[in-house]
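A.B. asks: What follows is each chain in one-letter form.
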Amino acid sequence: MNETTWQQWAITITVFLPIAGAIVVMLVPSSKDKMIRGLGVVTTALAFACAIAIAIGFDYNNSAQLQFVKDVSWIPVIGARYHVGIDGISMPLFVLTYLLGLLCAIYTARYVPQPGRTKAFVALTLLLITGMAGTFISFDLILFFVFWELVLVPMYFLIGVWGSANRQYASIKFFLYTLFGSVFMLLGFLALYFNGPLDPATGKHTFDLSAITAYGAAGGFSHTFQLIVFGAIALGFAVKVPMWPFHTWLPDAHTEAPTIGSVLLAGVMLKMGTYGFVRIALPSLPQGAVAYAPWIGALAAIAIVYAALACLAQKDLKRLIAFSSVGHMGFVMLGIATLTTIGIQAAIFGMVAHGVITGMLFFCVGSIYDRYHTREIAEIGGGMSELMPKMAGIFAFVAIASLGLPGLAGFIGEFMALLSSFSPAAVLNVGLYRTFMVIGGIGTILTAGYFLWMLQRINQGESPVKWREHHFRDILAVEWVSWVPLLALTVVLGLVPSIILNPTTNGVDAIVHIVTG
Amino acid sequence: MVALVHILAQEAGGEAAGTAPNWFMTHAFLIPLFCVASGVLTLVFGKRTPGKGPVYGIAALVIAFVFAIGCLVGIASGSSVATGGIHWFTIGGFSVDAGYYVDGLAATMLVVVTGVSLMVHLYAIGYMHGDKRYTWFYFVLSLFTAAMLVVVLAPNLFELLVGWEVMGVCSYLLIGHWYEEHVNSSAAIKAFITTRIGDVPFMFGIFACIIIAGGTTSNIQAIGTAVGVSHDTVLVTAAALLLFGGTIGKSAQFPLHVWLPDAMAGPTPVSALIHAATMVAAGVYLVGRMFEVFVQADPVVLTIVGTIGAITMLGAAILAMVQNDIKRVLAYSTLSQLAYMVAGLSMGETGYSAAFFHLFTHAFFKGLLFLGAGSLIHAVHSNNMSDMGGLRRKMPITFITMLIGSLALAGFPLIGGFWSKDELLVTASTGHMWLFVMFLVTALATAFYTGRMLFLTFYGPYKGHAEPHESPSVMTGPLVILAIATVVAGFLGSPFTSYVFADWVHFGTPEVHHFHGAIAGIGSLAALGGLALGWLFYGPKRDREVDPLQRGLGNGVWNVLQHRYYIDSFYFNGIVRPIRDSVSAGVVWFNQNVLDGVVNGAAVVARGGSGVIMWIDRNVIDNAVNGAGTAMETFGKGLRLVQTGKVQWYAVGLFAGVIALSLFIFR
Numbered sequence: 000m001n002e003t004t005w006q007q008w009a010i011t012i013t014v015f016l017p018i019a020g021a022i023v024v025m026l027v028p029s030s031k032d033k034m035i036r037g038l039g040v041v042t043t044a045l046a047f048a049c050a051i052a053i054a055i056g057f058d059y060n061n062s063a064q065l066q067f068v069k070d071v072s073w074i075p076v077i078g079a080r081y082h083v084g085i086d087g088i089s090m091p092l093f094v095l096t097y098l099l100g101l102l103c104a105i106y107t108a109r110y111v112p113q114p115g116r117t118k119a120f121v122a123l124t125l126l127l128i129t130g131m132a133g134t135f136i137s138f139d140l141i142l143f144f145v146f147w148e149l150v151l152v153p154m155y156f157l158i159g160v161w162g163s164a165n166r167q168y169a170s171i172k173f174f175l176y177t178l179f180g181s182v183f184m185l186l187g188f189l190a191l192y193f194n195g196p197l198d199p200a201t202g203k204h205t206f207d208l209s210a211i212t213a214y215g216a217a218g219g220f221s222h223t224f225q226l227i228v229f230g231a232i233a234l235g236f237a238v239k240v241p242m243w244p245f246h247t248w249l250p251d252a253h254t255e256a257p258t259i260g261s262v263l264l265a266g267v268m269l270k271m272g273t274y275g276f277v278r279i280a281l282p283s284l285p286q287g288a289v290a291y292a293p294w295i296g297a298l299a300a301i302a303i304v305y306a307a308l309a310c311l312a313q314k315d316l317k318r319l320i321a322f323s324s325v326g327h328m329g330f331v332m333l334g335i336a337t338l339t340t341i342g343i344q345a346a347i348f349g350m351v352a353h354g355v356i357t358g359m360l361f362f363c364v365g366s367i368y369d370r371y372h373t374r375e376i377a378e379i380g381g382g383m384s385e386l387m388p389k390m391a392g393i394f395a396f397v398a399i400a401s402l403g404l405p406g407l408a409g410f411i412g413e414f415m416a417l418l419s420s421f422s423p424a425a426v427l428n429v430g431l432y433r434t435f436m437v438i439g440g441i442g443t444i445l446t447a448g449y450f451l452w453m454l455q456r457i458n459q460g461e462s463p464v465k466w467r468e469h470h471f472r473d474i475l476a477v478e479w480v481s482w483v484p485l486l487a488l489t490v491v492l493g494l495v496p497s498i499i500l501n502p503t504t505n506g507v508d509a510i511v512h513i514v515t516g
Numbered sequence: 000m001v002a003l004v005h006i007l008a009q010e011a012g013g014e015a016a017g018t019a020p021n022w023f024m025t026h027a028f029l030i031p032l033f034c035v036a037s038g039v040l041t042l043v044f045g046k047r048t049p050g051k052g053p054v055y056g057i058a059a060l061v062i063a064f065v066f067a068i069g070c071l072v073g074i075a076s077g078s079s080v081a082t083g084g085i086h087w088f089t090i091g092g093f094s095v096d097a098g099y100y101v102d103g104l105a106a107t108m109l110v111v112v113t114g115v116s117l118m119v120h121l122y123a124i125g126y127m128h129g130d131k132r133y134t135w136f137y138f139v140l141s142l143f144t145a146a147m148l149v150v151v152l153a154p155n156l157f158e159l160l161v162g163w164e165v166m167g168v169c170s171y172l173l174i175g176h177w178y179e180e181h182v183n184s185s186a187a188i189k190a191f192i193t194t195r196i197g198d199v200p201f202m203f204g205i206f207a208c209i210i211i212a213g214g215t216t217s218n219i220q221a222i223g224t225a226v227g228v229s230h231d232t233v234l235v236t237a238a239a240l241l242l243f244g245g246t247i248g249k250s251a252q253f254p255l256h257v258w259l260p261d262a263m264a265g266p267t268p269v270s271a272l273i274h275a276a277t278m279v280a281a282g283v284y285l286v287g288r289m290f291e292v293f294v295q296a297d298p299v300v301l302t303i304v305g306t307i308g309a310i311t312m313l314g315a316a317i318l319a320m321v322q323n324d325i326k327r328v329l330a331y332s333t334l335s336q337l338a339y340m341v342a343g344l345s346m347g348e349t350g351y352s353a354a355f356f357h358l359f360t361h362a363f364f365k366g367l368l369f370l371g372a373g374s375l376i377h378a379v380h381s382n383n384m385s386d387m388g389g390l391r392r393k394m395p396i397t398f399i400t401m402l403i404g405s406l407a408l409a410g411f412p413l414i415g416g417f418w419s420k421d422e423l424l425v426t427a428s429t430g431h432m433w434l435f436v437m438f439l440v441t442a443l444a445t446a447f448y449t450g451r452m453l454f455l456t457f458y459g460p461y462k463g464h465a466e467p468h469e470s471p472s473v474m475t476g477p478l479v480i481l482a483i484a485t486v487v488a489g490f491l492g493s494p495f496t497s498y499v500f501a502d503w504v505h506f507g508t509p510e511v512h513h514f515h516g517a518i519a520g521i522g523s524l525a526a527l528g529g530l531a532l533g534w535l536f537y538g539p540k541r542d543r544e545v546d547p548l549q550r551g552l553g554n555g556v557w558n559v560l561q562h563r564y565y566i567d568s569f570y571f572n573g574i575v576r577p578i579r580d581s582v583s584a585g586v587v588w589f590n591q592n593v594l595d596g597v598v599n600g601a602a603v604v605a606r607g608g609s610g611v612i613m614w615i616d617r618n619v620i621d622n623a624v625n626g627a628g629t630a631m632e633t634f635g636k637g638l639r640l641v642q643t644g645k646v647q648w649y650a651v652g653l654f655a656g657v658i659a660l661s662l663f664i665f666r
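Protein sequence lines, in the order shown, are assigned to chains D and E.
Straight run, no breaks: the first sequence in numbering that gives the first Met the number 0 ends on number 516.
Straight run, no breaks: the second sequence in numbering that gives the first Met the number 0 ends on number 666.
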């Protein structure tokens, strides 16, 4: 394969490789359980290697430029195109998707949740990876929408089939709530299509994101139109993030989902919403963005404190971590709502950091559950440091990273989101945003509170007698393999934030320039 | 932009232009790196080394101490400031360097931190012997030292904050070192959360400083220059006040002082290093580092700083008088002495040198006192002074060294703290009369509780149960060294050395110090008077069954003091518990019943209305769950099922929505 061919097809290959893997997995007889798990690992490893190859081949000097582009006609009747490509903003999320996908596949090599059915489990996971990765490289609204919806199906089954006791309620709620949001989003897309630019080649309307963004940036959409359509699209994204008060599907989905479902849900899927804001809503509808920003900021500030308070009251360990996601995504949305380069870069950094850290927290909780067979904090009753010192140490490390210790990944996103709230874009009300900042600051105190209290009740103290005779096995080899990359990234992202910040700078600058001039 | 920062930095440092910085100063960035390296080595290989832990930390600190002395020698020989660094990252035009900044203040702090940390590392070999997390202990100790050194050397506020928070986590880990006991882990949480309450305003203060400096840098020298020319007095004043929030938390000043006495739950070497000599002084150091902001702000800021200092100074000294736990005596004493420094800084430029001289002497004598207390605790297996008494013959080295430390704390003429307190009194005597009075009254109280501590532990009959013995030489050695350091440190600010400390550490032009006989006399009188009162109440002949002070004060006052003015219980019962138990439960109730009520209600309506959802539920989900086996048996069947479900679902959701909403948008 020469270089140009690779550049044209790299993304397509990378995105559809997991689906190809899924098809192969389906063809293998169910009895070959080990082979299926192996296929999952091999497929995701290959896909991850492809993603890394793209990241290496990427021209970072032109990071705002769309690269590895493939743009061909797809559904000519409506002007939908297969337009894929990657720029600096997509890159971190794209790579993160494949990294987490691989780590989940490795974890699955040991842990397939009840009721088994390895084949379907692996195939659905692979399908999920394709859907998530696809949203980050689609530059056609219909294509984006297809990938967006594609994600729902496997996640629905992962929760509904392999989830815990209340899985049916959780999976339906997850599906319908997200679908409810996407209907509005699709309507918004249609509005952009019908009122947007014409494709100069065909003279027809187009779903091409670059064309719509350029049109919107040039002031093509009227103010009223922007207000209505931004609201519709934002609602779709807001459910996915999820922003307060649209978050109630999340704790249920997370709590019931199998471990890797939670990891991928928190690690990647939530970022589809925040990414949508940055990629689609802001540049296409800049006036809408300015009008809605204070409201988004307010909901974000509420989310931070609300989630922290809710965490304090949780009795279920996994539900606690789930709620903490709502708060962390609040910081991400707060950054976006400032409409500044610092804020949006903070948001992208926060997305990746949250994916790494919270993904890791869900791994920990999954493995803790695997030992104790309960997620009730009171049941576990403390003393894990004594029973499983390494597990407890890693759990504490990740919790401390999650509460935003400087030097680890969680800090930069929070700090910079709050910094940008101190001086938001000139068109926004400084006093209001500083209020958000103060609320967010209070949230960081509460966040420290619930995480340390959690550690006190799980790790510390004397272990209850009933657990001592179980002789829990401390971290297993497969856990080490799937966790070490995340633990390392937690440190590396904290010490070398440039690996996220540098590629995103130009792209974010361009978006901010469009929105605030 | 980065280049500009460096130029600004050099200009700011250029005021006292002297000889070029020596090699140690230009390589000061290595100092924290030694401790980072020792931490990593301890964590990875510690258990396999002889002694199972301390070797790397001690080796790193010996080298670091040499560097620190090298830096101080450079400063003492009139060298200019050394600074430098590399670009770390840039976000939206805001650029952060990783670097170092060595001036007189930083150099003296380097000596304090590496010196005391080295002593504590040695001492803990004995004190922590046989601890089940011995290696881990040394790892955290190394990490802490590295973080503190980062704070000391940080050329910009972002880097300073990184060190600051890492210190906080180390403090949390070490306070809760014996986390099997619930009290200890609770104390650790209390410390972390309370300091974080100060850190949030501190962070906002950093934001304000960044904005003042143009939003492109957090370089401290650049901020200093910018506040000088800023016309936004409100922002500068806000910045100073917000930054001071960090000091209130970290240096445990009223009203965030509550964590420090509880932090005594940690191992005593930790109390000596982190909760007396170094970390808690970082808050004071912060004010000194950012002093340009405080000076340029509205004068009300320094008045507030002084008031906080004055309240804490006396309030804590009074509580120190009624403690039974020897570590708590010293903890309240630390609050009070830190408040001396804070109040000293509130006097503006003239108090700068004196405040940091007190920080310098205090680090040695308070470190010494804590390690001495540890030696006593090690011997009698109790923290309570009611289990001690008469120990001066059984533990002569501990006695002599603690005596020196106590006299230094009390302000006994010519020893340690006498000189730094004297300088504070001299400064306050011109134009800060109310602080002068506070200093003096607190000095009296300090001498009293110091005497009480000495007499209750070393004099009178022994009342404990264990068989007391002098500690091993690995523990007494550091005591002796710190006792010597206490005496030597004091003389650095005396007429015998022409007040050389003030040449090293000063703000603006160096102060010319003179020995002031009358004020030294008044100060000595307060010290001797307090000690004499202590003897009167707690001398060996006195009956100690009921605390003599309790008899003197009456039960009412005594109870208020025993309950720490009820501040802690107010915080816990009035703030922490309501939020943790009630507000949080209210939020969850709201979440489950209101927000989710809407969601579930909508679902019920939809279900009742169409029945479609039920159909899907039965035919798709139940099939999927119960019949997952059959469904997934063959690829074709399984895939078809998935697709069927999806398409139908789409149809329902999508069309209903599109029709309904088209009416609004595409009218």
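Quick caveat, the hints were computed from the structure, so don't treat them as lab data.
Ideal placement from N, C-alpha and C gives every residue a C-beta, glycine not left out.
Misleading hints may appear alongside valid ones.
As the list claims (entries may be wrong) - Beyond 12 Å from chain D on every Cβ pair, some chain E residues (computed): (1) Gly-17; (2) Phe-88; (3) Ile-90; (4) Gly-91; (5) Asn-183; (6) Ile-192; (7) Ile-317; (8) His-464; (9) Asp-502; (10) Ala-517; (11) Gly-555; (12) Val-587; (13) Ala-601.
What the hints assert, rightly or not - Calculated pairs, BS3-like style, for lysine-lysine (alpha carbon to alpha carbon, straight line, at most 30 Å): (14) E:Lys-393 x E:Lys-540; (15) D:Lys-389 x E:Lys-51; (16) E:Lys-462 x E:Lys-393; (17) D:Lys-465 x D:Lys-314; (18) D:Lys-389 x E:Lys-46; (19) D:Lys-389 x E:Lys-540; (20) D:Lys-389 x D:Lys-314; (21) E:Lys-540 x E:Lys-131; (22) E:Lys-393 x D:Lys-465; (23) D:Lys-33 x D:Lys-389; (24) E:Lys-51 x E:Lys-131; (25) E:Lys-46 x E:Lys-131.
Said to hold, decoys possible - Coverage of chain D stretches by chain E, computed from C-beta distances (three or more under 8 Å per stretch; other residues unrestricted): (26) 47-61; (27) 94-104; (28) 210-217; (29) 404-416.
A.B. asks: Each of the hints needs a verdict: does it hold here or not?
C.D. replies: Hint check results:
{"no.": "1", "hint": "Gly-17", "in the structure": "holds (34 Å)"}
{"no.": "2", "hint": "Phe-88", "in the structure": "violated (5 Å)"}
{"no.": "3", "hint": "Ile-90", "in the structure": "violated (5 Å)"}
{"no.": "4", "hint": "Gly-91", "in the structure": "violated (3 Å)"}
{"no.": "5", "hint": "Asn-183", "in the structure": "violated (8 Å)"}
{"no.": "6", "hint": "Ile-192", "in the structure": "violated (6 Å)"}
{"no.": "7", "hint": "Ile-317", "in the structure": "holds (29 Å)"}
{"no.": "8", "hint": "His-464", "in the structure": "holds (25 Å)"}
{"no.": "9", "hint": "Asp-502", "in the structure": "holds (35 Å)"}
{"no.": "10", "hint": "Ala-517", "in the structure": "holds (48 Å)"}
{"no.": "11", "hint": "Gly-555", "in the structure": "holds (35 Å)"}
{"no.": "12", "hint": "Val-587", "in the structure": "violated (5 Å)"}
{"no.": "13", "hint": "Ala-601", "in the structure": "violated (8 Å)"}
{"no.": "14", "hint": "E:Lys-393 x E:Lys-540", "in the structure": "holds (19 Å)"}
{"no.": "15", "hint": "D:Lys-389 x E:Lys-51", "in the structure": "holds (19 Å)"}
{"no.": "16", "hint": "E:Lys-462 x E:Lys-393", "in the structure": "holds (13 Å)"}
{"no.": "17", "hint": "D:Lys-465 x D:Lys-314", "in the structure": "holds (20 Å)"}
{"no.": "18", "hint": "D:Lys-389 x E:Lys-46", "in the structure": "holds (15 Å)"}
{"no.": "19", "hint": "D:Lys-389 x E:Lys-540", "in the structure": "violated (55 Å)"}
{"no.": "20", "hint": "D:Lys-389 x D:Lys-314", "in the structure": "holds (24 Å)"}
{"no.": "21", "hint": "E:Lys-540 x E:Lys-131", "in the structure": "violated (42 Å)"}
{"no.": "22", "hint": "E:Lys-393 x D:Lys-465", "in the structure": "violated (46 Å)"}
{"no.": "23", "hint": "D:Lys-33 x D:Lys-389", "in the structure": "holds (28 Å)"}
{"no.": "24", "hint": "E:Lys-51 x E:Lys-131", "in the structure": "holds (11 Å)"}
{"no.": "25", "hint": "E:Lys-46 x E:Lys-131", "in the structure": "holds (12 Å)"}
{"no.": "26", "hint": "47-61", "in the structure": "violated (count 0)"}
{"no.": "27", "hint": "94-104", "in the structure": "violated (count 0)"}
{"no.": "28", "hint": "210-217", "in the structure": "violated (count 0)"}
{"no.": "29", "hint": "404-416", "in the structure": "holds (count 7)"}
Checked against the numbered hints given earlier, the structure breaks hints 2, 3, 4, 5, 6, 12, 13, 19, 21, 22, 26, 27 and 28 and satisfies all the rest.
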